[in-house]
Structures are given as C-alpha cells and as structure tokens.
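Asker: Protein chains in written order, with this note's numbering: chain A, 1 to 292; chain B, 1 to 381.
If you are wondering where the hints come from, they were derived from the structure by calculation, not from laboratory data. Beta carbons: idealized from backbone N, C-alpha and C, even for Gly. Certain hints may be false.
If you want the footprint, here are the derived chain A segments under chain B, 3+ residues with CB under 8 Å [as the list claims (entries may be wrong)]:
id: 1; segment: 13-27
id: 2; segment: 181-191
Have a look at the derived ranges for each label pair, beta carbon to beta carbon [stated by the list, open to error]:
id: 3; chain 1: B; residue 1: Asp125; chain 2: A; residue 2: Ser140; range: 50 to 58 Å
id: 4; chain 1: B; residue 1: Ser250; chain 2: A; residue 2: Arg231; range: 43 to 51 Å
id: 5; chain 1: A; residue 1: Gly273; chain 2: B; residue 2: Glu18; range: 22 to 30 Å
id: 6; chain 1: A; residue 1: Asp26; chain 2: B; residue 2: Ala14; range: 31 to 39 Å
id: 7; chain 1: A; residue 1: Gly175; chain 2: B; residue 2: Glu211; range: 57 to 65 Å
id: 8; chain 1: B; residue 1: Gly108; chain 2: A; residue 2: Ser140; range: 55 to 63 Å
Take a look, some chain A residues computed to stay more than 10 Å from chain B by CB distance [claimed, not checked]:
id: 9; residue: Gly142
id: 10; residue: Glu158
id: 11; residue: Asp241
id: 12; residue: Ile276
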Amino acid sequence: MQSLVIVAHGSHLNPDSATPTHTHADTIRATGAFDEVRTGFWKEEPSLREVLRTARGDDIYVVPLFISEGYFTERVIPRELRLEGWDPELWGSDGISADTATLVASDIDTEVHYCGPVGTHEAMTDVLVRRAESVTGDPSVGDGFGFAVVGHGTERNENSAKAIEYHTERIRETGRFDEVKALFMDEEPEVDDVADHFDSEDIIVVPLFIADGFHTQEDIPEDMGLTDDYRDGYDVPSEVDGHRIWYGGAVGTEELTADVILERAADAGADIGDAIARVRQRTKPTTQAAGD
Amino acid sequence: MSVAEPTLSETQLAAFREQLASDPIEYDGLAAEYDADEDSYHIETPTRQTTLTADELSTVDAEQAAYISNWYFYTQEVGGEVTQAFCRWLELADDRAVPDRYDALNSGIDREWGQLRVTTTLADDGARRYEIRHVDDSDADADALTTHTDPFDARDIGTLDAKGRYRPLRTAPSLDSGWIFSELTANEVYDAVEAFYPATVVNWHREQRGELDIDHWRDEQDRQSGIYNLITVLPDEAVEWAAAACCDDSQCLKRREWELSEDEPLDADGGDGVFPCREPCSMVVAAGREWAKLERDETQTYEFELTPSEKEQIEEIIDAVADDEIDEIREADIGNGANRWRARYLREKRFDDDGHLSGTPTHPDGHDDDGNDGDDGDDGE
Chain A
1 MQSLVIVAHG SHLNPDSATP THTHADTIRA TGAFDEVRTG FWKEEPSLRE
51 VLRTARGDDI YVVPLFISEG YFTERVIPRE LRLEGWDPEL WGSDGISADT
101 ATLVASDIDT EVHYCGPVGT HEAMTDVLVR RAESVTGDPS VGDGFGFAVV
151 GHGTERNENS AKAIEYHTER IRETGRFDEV KALFMDEEPE VDDVADHFDS
201 EDIIVVPLFI ADGFHTQEDI PEDMGLTDDY RDGYDVPSEV DGHRIWYGGA
251 VGTEELTADV ILERAADAGA DIGDAIARVR QRTKPTTQAA GD
Chain B
1 MSVAEPTLSE TQLAAFREQL ASDPIEYDGL AAEYDADEDS YHIETPTRQT
51 TLTADELSTV DAEQAAYISN WYFYTQEVGG EVTQAFCRWL ELADDRAVPD
101 RYDALNSGID REWGQLRVTT TLADDGARRY EIRHVDDSDA DADALTTHTD
151 PFDARDIGTL DAKGRYRPLR TAPSLDSGWI FSELTANEVY DAVEAFYPAT
201 VVNWHREQRG ELDIDHWRDE QDRQSGIYNL ITVLPDEAVE WAAAACCDDS
251 QCLKRREWEL SEDEPLDADG GDGVFPCREP CSMVVAAGRE WAKLERDETQ
301 TYEFELTPSE KEQIEEIIDA VADDEIDEIR EADIGNGANR WRARYLREKR
351 FDDDGHLSGT PTHPDGHDDD GNDGDDGDDG E
C-alpha cells in the first residue's frame with residue numbers, strides 16, 4: 001500500500017495557509033495514484049509529530065510543500081517526523097538539488113522516503129509559467145512581457161534566494177518572455193521598484209511562496225504600489241509608473257503545484273502511473289485573474 | 001431473535017470459503033473450519049454448532065449468518081486495524097454479542113466523539129452505515145441539516161466556528177453545527193472523523209492497546225529549536241497555569257495525558273475527553289513562548305485608586321474574556337461589569353490620555369516597552 005504524506009507549514013492565524021496543501025492533496029487523491037494521501041503541518045493538525053501514524057501504507061513518500069531547502073526541510077521536519085539517522089548530507093544538495101533520502105521513521109518503525117521540497121524541483125518552473133498564463137488569461141503569453149519571480153531574500157535563509165535565482169534562470173532560458181528577473185522583499189533588487197527593473201510595458205509578478213498570506217496579499221501589493229491599502233484590493237493588471245503589473249499571488253496556490261508533488265514522489269520511486277499527465281491536463285489554466 | 005435479513009450474498013460466501021480453504025476463522029464469537037476429508041464446513045457460534053456442505057452454506061440459519069456477515073464486514077470491508085477498532089467501538093462491540101448488537105444496530109447505535117455524534121446502522125447484507133452530525137443537532141430533522149457525502153468536507157466544516165472565526169485548534173469545543181454526513185462507509189467515517197479531529201483515532205487506538213507514547217513538557221522543551229527554544233526558560237509553575245488555562249475541557253476536547261515530566265504530575269485537570277492528548281500541541285508551545293517572554297518581567301508594586309466596584313469590574317472583564325462570554329452580555333445590561341458601556345465608562349473615568357490606568361505609568365522609570373519583539377509568533381525560525 002502506497003501512501004503520500006504532504007507536509008506543510010500551516011498557520012495559527014491564517015485559515016488560508018493550509019488551503020493549497022488541502023487542494024493539492026485532493027487533486028492527487030482524485031488521480032488514484034496513491035492508496036491514500038495524508039497531510040501534516042508544523043502549525044496545524046495533524047502535527048508533523050503525528051502525521052505518519054495516520055498513514056496506513058507500507059510504502060510512504062513524504063513531500064514537503066515548502067519553497068526552499070533550509071531550516072524547516074533539513075532540521076524541523078526530519079526531527080518532528082523522527083527520521084532516524086537523518087543528515088542533510090543525505091540529500092547531497094547544493095541548496096537547490098535535494099532529492100530523496102530513505103530512512104526509518106521511529107514513530108512507526110517503517111521506512112519512509114523523505115523527498116526534497118517542491119520549491120526546488122525543476123517542475124516548479126513550469127508552475128511559475130502556468131501562473132503567468134492563468135493570471136493573464138493567455139495560454140501563449142510571453143512576447144512583450146517581462147516576468148518577475150519574487151522571493152523573501154536571504155535574510156532568513158540563503159537557499160531561499162538560490163531557489164528564486166534557479167527558476168528565474170530556467171524561465172529565462174526558455175526565451176519565452178522578453179525579460180525575466182528575480183526580485184526580493186528584503187534585499188536588492190527590491191520588488192518595491194518593480195517598474196524600474198523592466199523595459200517591458202507588461203510585467204508579470206509571481207511570488208515564489210506556497211500560500212497566500214500577509215506577505216503576498218498585503219506587503220507585496222502595497223510595496224509595488226498596486227494599492228495604498230490591500231483591503232481595497234487592486235486590479236489585474238494595475239498601472240504603475242507606466243507599466244501594467246500582472247500580479248499573480250503565491251505560486252503555490254496554482255493547481256499545477258500538485259504535479260510537482262507527484263514529480264517529487266515519482267523521483268523517489270513511487271509508482272504513480274500516468275498521474276502526472278492527468279494532473280497536467282486537469283489543471284489547465286482558467287482565465288481568472290488574481291486580485292479581482 | 002430478530003436479525004435483519006440474514007441471507008448471505010454469494011460474494012460473502014465466496015470470501016468465507018476462500019478464507020477457510022487456507023485457515024480456520026475465529027472472530028467475534030464465530031469459529032469455523034473446513035474439513036477437506038469430509039468436504040464440509042464446521043461452524044460454531046455461542047449457541048449453535050453446525051456442519052454443512054458447500055452447497056448448504058447458503059442455507060445457514062439467521063444467527064450464524066449474522067456472525068458470518070459480521071466477520072465479512074470487519075475483515076473484508078474495513079481497511080486497517082485502527083479503523084476496525086474504531087468501528088467496533090462505535091457499535092459497542094465489546095459489550096454485546098453479535099445477535100444483540102445486530103438488534104441494536106437495526107435502530108442505530110449512537111456514540112459521541114468530541115462534538116460529533118456518530119450513529120451506526122446495519123444494511124441488509126451486514127455492512128454498517130454511519131451518520132455523523134454535531135451533538136447539538138442530535139434531535140434535528142436531517143432535512144434541516146446540510147448534507148455532505150465527501151468525508152473530506154469535514155476539513156472545511158471544521159475550519160471556522162459559528163461566528164466565522166478561524167479554529168487553529170481542531171479539537172477546540174467550537175465546532176459549527178448544521179451539517180450531516182448521512183451515509184458513510186466504514187473507511188469514510190474514519191476519514192471524516194480524522195478530518196474533524198486529526199490523529200485522534202490513531203492515538204486513542206494506541207492508548208487502548210497500552211501503547212500511547214506520551215511526550216511530557218520537559219521532552220517538548222528539550223526538542224525545540226529556533227524561536228521556540230525560549231520555552232526552556234518558562235518556569236514550572238507557569239506550565240501549570242498554562243495547562244489549566246489552555247487544556248481544560250472548555251478549551252480543548254482532548255484529554256491531556258502529558259505532565260511536567262513522567263515523575264512530575266501537574267495539578268491541573270486533564271479533562272474527560274474520549275481521545276488523549278499525548279504531547280503539548282503547537283498552540284500551547286507558541287503560547288508558552290509568549291508567556292516565557294512575559295514571565296521575564298519582574299513584578300512591580302503599583303498604586304491604583306479604584307472604587308470596590310471598579311476593582312470587581314476589572315475582574316469581571318477578565319472573566320468574561322477568559323470564558324468567551326463577551327458576546328452573551330446584553331447591550332443594555334449595564335449591571336454587568338464587562339458590558340461595553342460599563343467598560344467604556346471606566347476607561348473614560350480612570351485612563352489618562354496615554355491609556356494608563358489611574359494615570360499610573362507602566363514603567364515609572366521611563367523605560368517604555370510594550371513587550372512586542374516584532375514577530376508574530378507564527379513561525380519557527
């Protein structure tokens with residue numbers, strides 16, 4: 001019996017924090033690729049301490065729904081899951097190349113496959129592009145558009161910036177958008193000055209965050225000048241200094257993120273059949289625009 | 001004996017024969033074995049012993065049919081040991097033999113799990129069906145409740161309370177009512193209960209087997225890193241206050257089993273919940289971090305001028321907030337100390353322009369600190 005366990009941060013304060021986790025779990029559950037799909041949280045229930053005991057499978061894949069490799073994925077989650085013998089070296093990662101480590105979780109005396117976070121998987125690049133399509137309502141968007149991938153910056157985790165740069169470069173390599181740049185909330189180049197960093201009249205802005213919350217719904221829209229007060233909302237696109245800003249909100253809410261979770265599990269050896277293809281088909285973009 | 005439609009389906013009989021072809025059955029009062037030499041089946045239940053040929057199995061009498069359908073349901077339809085144990089608890093299986101249980105299931109057996117009322121009934125083939133509703137809706141007409149069929153809907157039902165406030169603690173006694181899951185299978189009832197009250201069934205099951213692993217406060221302290229390291233300096237007496245404040249049945253339906261340490265019990269009541277709490281939850285740890293910061297303050301002697309009724313009013317306001325009774329205080333009930341006009345009047349009379357009670361500065365030495373260190377306590381780094 002094959003189980004997927006998605007672990008995420010969650011929040012004591014924001015009910016929307018867990019929404020992407022639950023949504024992607026539902027999407028994957030519907031594919032039937034796993035006998036069960038369970039979710040566990042640092043801040044919500046079931047806790048990371050207890051999530052493995054809710055899983056019934058004997059072949060368990062744990063995928064962190066986190067953006068970067070660092071404190072949570074390398075220290076908190078392995079400790080809370082009680083992965084015996086865990087060492088970040090087992091991922092052999094340079095900060096963006098974590099793969100899988102198979103270890104016994106002493107809570108259930110069973111081996112689990114502990115995967116790298118979704119945020120540093122190459123498939124996350126496709127989700128960023130998919131968000132560009134969904135926020136503009138144009139499946140072929142690219143020509144004439146700039147694309148800004150936004151992250152926290154290095155203040156809290158140096159790998160956070162690495163993940164942003166990694167996907168920025170991958171999008172740039174596709175040649176699809178006129179300009180692609182990494183911007184940050186707490187370091188240069190700052191998202192506050194988004195218009196200064198692009199020549200393109202149209203700029204798509206997508207934060208590499210898992211869930212919408214304080215930063216993506218309040219800070220970034222206000223800092224970019226989309227609105228003076230986030231409670232008043234903002235238009236997509238919004239005019240800022242002669243540019244049209246297409247603000248997409250947290251990329252982790254894009255349905256295609258479920259695909260990255262599947263990719264992580266498949267890389268770790270999960271037998272998921274054609275689930276990836278089906279999720280890609282099922283999550284084709286709608287024409288809704290964020291912020292409406 | 002009145003048992004619901006005792007006939008066994010061909011699927012059930014095939015499974016029965018297949019099992020006996022490899023091993024005898026001993027389950028819940030049923031003992032059965034296959035005699036290959038005689039090509040016959042020996043079936044024993046508490047009041048009856050029969051020996052039948054394969055062809056005669058379909059004519060087994062009502063009581064034995066009930067035992068066989070009971071075996072079939074639990075071993076072939078219910079996935080996993082934990083779900084089986086939970087479903088058996090739901091129908092009081094340890095208290096009644098199968099025929100009596102089937103009688104009771106015909107009219108439905110009710111159990112309460114937190115604020116859930118779970119009713120088990122019997123289908124014609126011996127399969128169980130489960131209904132879940134809020135305990136406060138026990139007497140409600142099902143048509144008056146919103147019907148759900150997907151067990152994972154329970155997750156959304158449990159996200160906000162009746163006032164639309166977020167419930168970060170799923171086991172808080174603030175579950176909204178007005179909904180019903182009217183016909184769930186065994187595996188679905190497990191998923192729904194798991195979604196309402198995550199990990200409660202599996203922890204209850206471990207406890208039932210005498211295998212509940214409890215992590216006490218000191219274990220929790222030792223494990224922390226990042227910003228939660230701060231709970232290591234929380235005084236022991238503060239842990240006592242925290243447990244009394246947060247883990248009381250009025251705040252959480254889990255039964256607290258963790259103590260200061262295995263050898264240092266807390267005086268606070270752990271509660272009467274059916275499912276255990278095996279370690280301080282993330283809410284308690286996050287709150288403990290805040291209290292650890294606040295407990296670093298030294299006490300200070302203040303001099304306030306209050307009338308006796310004003311002193312009592314402050315106590316009433318604290319009680320009303322702590323017991324979540326603010327919304328129940330009527331608009332014009334000026335006699336209640338926590339009434340809004342009473343509170344506003346007190347503020348007008350006793351606060352100075354800086355918001356200080358009786359004009360008394362919080363830090364007479366001029367040091368100004370509101371105790372906020374700039375983070376929202378909702379992160380781990």
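Asker: Verify the CB-CB distance for Gly108/B and Ser140/A against the hinted window 55 to 63 Å.
Answerer: Distance hint for Gly108/B, Ser140/A holds at roughly 58 Å.
Asker: Using the Cβ atoms, figure out if Asp26/A sits within 31 to 39 Å of Ala14/B.
Answerer: holds (35 Å)
Asker: Taking the CB of Gly273/A and the CB of Glu18/B, does the distance hold inside 22 to 30 Å?
Answerer: Taking Cβ atoms as reference, Gly273/A and Glu18/B lie about 29 Å apart, which means the hint holds.
Asker: Examine the segment 181-191 of chain A for residues whose CB is less than 8 Å from any CB of chain B, and state whether their number is three or more.
Answerer: violated (count 0)
Asker: Glu158/A: least C-beta distance to chain B exceeds 10 Å?
Answerer: For Glu158/A, whose nearest Cβ neighbour in chain B is about 13 Å away, the distance exceeds 10 Å, so it holds.
Asker: Check the non-interface label on Gly142/A: least C-beta distance to chain B beyond 10 Å or not.
Answerer: holds (36 Å)
Asker: Quick one: are Ser250/B and Arg231/A within 43 to 51 Å, going by C-beta?
Answerer: violated (34 Å)
Asker: With a C-beta cutoff of 8 Å, work out whether three or more residues of the segment 13-27 of chain A approach chain B closely enough for the coverage to hold.
Answerer: holds (count 5)
Asker: Taking 10 Å as the cut and beta carbons as the points, is Asp241/A off the interface with chain B?
Answerer: At roughly 31 Å from the nearest Cβ of chain B, Asp241/A sits farther out than 10 Å, so the non-interface label holds.
Asker: Honestly, do Asp125/B and Ser140/A meet the 50 to 58 Å range at C-beta?
Answerer: Given range 50 to 58 Å: holds, Cβ gap about 55 Å.
Asker: Does 57 to 65 Å hold as the CB distance between Gly175/A and Glu211/B, or does it fail?
Answerer: holds (59 Å)
Asker: Beyond 10 Å from every chain B Cβ: check whether that's true for Ile276/A.
Answerer: holds (22 Å)
In terms of the numbered hints stated before, the structure departs from hints 2, 4, listed from lowest to highest.
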